[in-house]
Amino acid sequence: MNEVRVGVFVCHCGTNIGGFLNVPGLAKYALRLPHVVFAKDNQYTCSEAGLTEIRNAIAENKLNRVVVASCTPRTHEPLFRSTCKEAGLNPYLFQFVNIRDQCSWVHMQDTERATEKAKALIRMGVARVVLLEPLEETQVEVNPCALVIGGGITGMTCTLSLANRDFEVKLVEKEDRLGGTLNTLYKLYPTHEEASKLVQAKAEELKKNPKIEVLTSSEVEEVKGFVGNYDITIRQGEKDRLFKAGVIIVATGAETLKPVDMYGYDGEHVITQLELEGRLKEGRLNANTVVMIQCIGSRNEKRAYCSKVCCLTALKNAVLIREANPDAQVFVLYRDMVTQGTIYEDYYGKARETGIMFIKYSPERQPVVEDGSVRIYDELLGEELILPYDLVVLSTPMVAHLDSADLAQRLKVPVDKYGFFLEAHVKLRPVDFATDGIFVCGCAHWPANVGESISQAYGAASRASIPMSVGHVKTEPSIAVVDEDECSGCGLCELTCPFKAIRIEETEKGRKAKVIAASCKGCGACGAGCPQKAITMRHFTDEQLLAQVIPLTEVTS
Amino acid sequence: MEEKPKAVLIVGGGIAGIQAALDLGDMGIKVHLVERKPSIGGRMAQLDKTFPTNDCSICILAPKLADCFRHPNITLHTLSEVKEVMGQMGDFSVKLRKYARFVDEKKCVNCGDCAAKCPVKVPDEFDMELRKREAIYPYYLQGVPAVMTIDRENCLYLTREVCRICEKFCTREAIDFEQKDTDVMLNVGAIIVATGFDPYDPSGIPQYGYKRYRNVIISLEYERLICASGPTGGHLLRPSDDKPAEKIAFVQCVGSRDFKNNPYCSSVCCMHAIKEAILAYEHDPKVKSYIFYMDLRATGKGFQEYVARGEQEYNISYIRGRVAKITKDHDENPTVWYEETQSSKTKKMTTDLAVLATSLMPRRGVKELAKTLGVELDEYNFFKTDPFNPLDTTRPGIFVCGCCREPTDIPESVAQASGAAERAAETVMR
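Chains as they are written, first to last, in the working numbering: chain A, 1 to 557; chain B, 1 to 430.
Pulled out of the complex, with its shape left as it was, chain B reads as follows (with noise of 0.2 Å):
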């Protein structure tokens, strides 16, 4: 038998992250999976339903995240960062630093009696800032290493040398400030890119109002609210007055087809408004819901009948033009302006809650990740690879997946990934 073949890095463990991960770990191949949040899991453990099955997406996702965790060949490097990469293809060197988390990872067990007496309150950022969380929490309840983790810019002992009342409630004795941060160098043949996407912050449009009306929110949020694991249980409830919303605007390409912000198409936006929008139904008959677009599309299996669906059984009107701008009365209730195209009229219609579908947008800091792995970005900071080899970065030996190389949706992440995995296996195995 010849050598063992090298081990590979993969950048985000996201879905895209954890497909690769799992496939090679399945070849025989040892993974270092690598995240730089506490916890794998990524943008679709945020996420409340699937388009177009309406699977519950954490409830599909966990699986995957509890077989990385416990997969003999997949080492999980929570909360860590590629510092530096060098060498080539089949054996490049990798420089991680791994940041203190304060909790002993063997230790925890992730009870919460810790967090209960933490006296800091902050936003957190899994819920996307909708409600508070402690200095000391879980980054989601079901978020894998299923630790706590403490928040070195927020807790008062790290910033202030006072409080520790978590170490005295810990009856496991897993807190510890003596952590350090670390630099481990690992030898990989092959890397992965799959860091995913941010949304785009539509404070860029002030003509949408966002962050200064209360009751206009981006996507992701939404997902969040109507999550029965996010901040208000699964109620619909405008952030405003904790009303329910019964009068729903969807607004489309929000950053996208923009040749102000981003020229591209997020191409996942269509699809999972309709899908927002029923479920929105489905908490409440009463719903309504708007959707303004430019053009609906719905490509995938089974995705022009879940538009059809929208209109016939749950209450959607789809409503083609551009929403110009957004305005709110005393009742902090948002006025979308549109341009009807159909009737070339200029409309504005009162609702209860309006909700952008921000574009998708490479993570940040993605600038500085393809410099330190010396691979080039397309001109909107998406990773850069040839129409035909669509999974190989500008660099041998490093290859990307999802939503850091171009808006998309789950499963072409996933098979992208086991892609980005074939072709990293071709390299350590040669």
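Looking at chain A on its own, in the form it has when it is part of the complex (with noise of 0.2 Å):
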């Protein structure tokens, strides 16, 4: 190895350090350490100026090795790192010092001992970077195909959409027809518009589209592969389809609870409201009393969670009886009405106008359903109302369909407590998993209307068409490695990574663990949990922590 020529740059950030420690100091002690040859402080080691102070040392002083000891990595980084690289140097041989975040502004008061800390810091820096090594990205072909699977509202949207921008979109439907729910829905809220009518715009535009190709009565058998690259088998009825696909969008809705043996549910006099949809669709709803009961297996303590659409759809089912037959007595027993939004409040106040009964119960005294008629505490009044009735309908919640435990297992991306597939991060990452690659819509994520359904398939078919756009997946190189030869094939390493980007195959020397790069974020999970110790982390190698632990023992002179 070449001689290690370091250099140390140490900003005053203003006064945010300046103020605060002695940063010319700093500059004096940097240059006593071992390999440090340059050492110098800048007002701003951010600015242009600053900039080209280090581009200029990088030449003059042939260093090979660069220190910056200032505000954050978490913003400028990326900035003195480019700044290395325009001089020639690799930018993975640059080394950051945070002297201002976790120094300067929590040691406001002690200027003497916060200086010695930060030249602590600094003298870690420099053990560290001295051992750092260069270190080049790589490019990962992404193929320009989409997998859609489930093709409801949801899938459509997102299918038509990738089309439109020129992708080609294989989109699997496990019936024998397109539009999922909405095929059982008769109008839906707040137009009154009919469902079917929607799949069926939605459907003929898809139908012209020569970038498209639907497969009804089709299943996802197997995935294999990574972001740009997965090879997919769909099983069509007894034989096996293959292609390629560079994203995956999971659009595979959800079902609707069957309230069996709970309150009366007979499938005849009380029926859910998918059920009741079909009855108003076919024009066969016989019924001058009708008696709606929210919250009917959900916010308890098997499924907490409210189902966001019920309310409004025993609402519009309401309105819809009511337009047919306006003889027809409707109550809605709820807990709290759920009608959120600019439009909704609106419409939930008409249907008030209209004389349709809403009776607030709570959960502690459930609303009995017995032969003939309901029985129920009416909180506000304060009293047991008996309602006789024609037909009772349960508003039962939206659940994870059965089998999306096993899609998601054939994807290895997460389901929550209640099966529900799980997003990369619940509040700025909602049609994102944390696999690289893969994205979700619609109520496969969690109950949504139809709106919400359409925004989301909208927004995660932007996020499938970021990779297939550029062309090519960057990969980040301070990731895992595996030593084959340490490596036992034990799998530890497969079950604890996050992004599902190790995995176990056979080689000629048996079970060993693969890194796929295009995958792995370098967090070091697995590298931490490997028994073998056969795991090193690029960039984040046991030598060069260990290396900063031992300067920050000594003390400084």
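Any given hint might turn out to be false.
Stated by the list, open to error - The calculated label-pair distances, taken between Cβ atoms and stated as ranges, are:
{"#": "1", "chain 1": "A", "residue 1": "135", "chain 2": "B", "residue 2": "180", "range": "44 to 52 Å"}
{"#": "2", "chain 1": "B", "residue 1": "368", "chain 2": "A", "residue 2": "72", "range": "36 to 44 Å"}
{"#": "3", "chain 1": "B", "residue 1": "56", "chain 2": "A", "residue 2": "528", "range": "22 to 30 Å"}
What the hints contain is simulated information worked out from the structure, not anything from laboratory work. Note that the Cβ used here is the ideal one computed from N, Cα and C, for glycine as well.
Relying on the hints, combine the two individually framed chains into one complex.
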């Protein structure tokens, strides 16, 4: 190895650091550290003047390692790395030392001791930078074809959008026709448009687009590979279809809970909202008094969640019943009416005005469905009421498909405790999975109405289109590498990896862990857990980290 | 290869606009992100934590701000407004007014030496006027671009031609009083509107005493008050006497579900009230919170569990009933008068602090913007969309996401933002 020549730049950051630490003293101190051949303090290392100084120092002093002690790598590491690169130095030979956020800002009252801490931080940074190695980014090609799983309104929407952008799309649907849940619905709130019309319009557009292939009566059998390069096996009837895809979107929807053995459910006089939709659609509803009960099988111990769409479904069906038969009486027994957003409060208000009766009950005093009447304690009146009925309609929640866990396993993505697919981050990555290249939208993720599902479908299409638009994915070089001679093939790493980026494969030497470079985020979980110490984290090797610990224990002079 | 796709204009630099910009930029499409304020970040930057995971809001947002700033395909236009839109889908000409910052963005490094000398003190908008700032100021600490701005309404030099002390103390020579407002013409193929919301001003409901009683505040003020980077350094001190608030009333549906004000439900307030009460308890376990609600609407992932945890672990009581009025005693303690619907009784409760969950409304100036864009608004001045074509405005090529189309929580805004980016990409790639 050539002689290691380290340059250290210590930033004043105006008064942010300079006002609280002895910055010129830090630069002088750094010059005394092993391998340091150049050290300087700057007012603002990140300013164009500061960056030029780094570039010049690299050239003039033949620096092959650079340390900047300043604000925070969170915002500034990319800048300094690219400055090193511009000066012909591999960007991975750069080390950031945080002396602002983690030093001057938190120790404003004690300049002397804060400066001592900054010295220790710089000492650690220099010790590590000496051991850093140049790393190179690589690229993996992305197949510009998307697999969309689920042919309901959500899956149809993403398929069409991606095809409109000239990507090839394979749409896989379990049933023999497209439409999903909407095929079982009558009219949709708030416009009372017929669900079938919406499905038909989309299906026709799909048919016209040559970029789309629809596979009905089909199921995903096997998924191999990683972002950009999936090998998909689809089971269609008796035969298997094989093709390649770059990205996958899960849009499998949900089903509605069948309230077997609950509240006298018999499918005849006590039915679900979904069954009511069927009767309304066929025009065979024959009931003058209808009692609807909300939150059946939801917001309880077993299923704590609110299914979001049932209040509006009940409202809409109540309105439709009254439209068809103005003499009909409809009671809606609810816990909390959920009519969020700009349109639906008004929709609720109008339903009340038409004479639909709303009765609030509490979970402690559940309604009781008896032969011919429902007993209910009206929480607001403070009285028990007996409501005779011709028909009881139970509003049951959306639940995950029974086979969603199976599909999740095939895709190696997680589901939550209710079986809904679990996104990468509940706040900021609502349609991504943690695994690159796989996305989720609609009710497969969580109960959603038609409008929300369509928004999410476009959202998932956008996210999925990114690697296909770029044509390749860059692989971060600071990732895990496996020493096959040490690896015992135990598979602990495969279980630990949150990104499904390492897996056990059969090789000539037996079962060995393999890192999928395109998926690895370099988090280090596999390396920390490996009992054989067969996994090294590039850029964060044990040696590089331990080298930082030792000088921490030294006393400054 | 065909000719390059046209750029996309995004109006509004909150989380929705940012997400749409990042998606489009990552697809290789050029983006102009326009923000009226001095820095991007929007309302999310003002929040302390986010429900239901209690993630620190700015901590999860800041990396996205930096991504936007550094992105080779995204051009930020802060302190800017759309003044004119001509043309049609696929080929819009947009006139942008860029207001002078009077600070050179390339030279300023946000050190704050200038503000330390500025003699002016005015209420700080970002901190909901709970503290004072100078006339040269960072919009907020983590704001992007991370530079100072001179407030032309209050700067002594710009209003009275005296002072210029900031100029003397800026070692980087970044102050530039010669800067002028400029108009820029942009050619874009599609436009995304993501202008977000303003909170309802509850002075319109005089019986709640907002602005007359110092310890009656709105949710967004509370968010700043409990935030570590806020005016009190994260101590929940009530405005009248800086004493810790230990008994807090959260009043829901203020201006929402109210036919005299906004008839609609603002969707997010049930959850943020619970979060705010949880945070108060986390700061000080002596805190007892009461949430006065009409219907508890907790529909998202993990929301019902959050409601239950609030009651079981964080000393929250949920009281169903609309608050009729708030009065105060001589110690400025707010007394909440309400009908408890479960018992049909009128009751009152004296607390240390009352927090009004004000409804989400379209931003001020939205009517003018809609006119400039040539799109329709709904009856409440949200951007009008079709329930089954939810991201398209009434004008082809102009799309919408986030709270300016309807009150929406963060994940739904982010999903819509990606969705609007997709609709815009469909337009410019065609």
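Consistency of the hints with the structure:
no. : hint                        : verdict
1   : 135/A <-> 180/B: 44 to 52 Å : holds, 47 Å
2   : 368/B <-> 72/A: 36 to 44 Å  : holds, 39 Å
3   : 56/B <-> 528/A: 22 to 30 Å  : holds, 25 Å
Every hint from the earlier list agrees with this structure, and none is contradicted.
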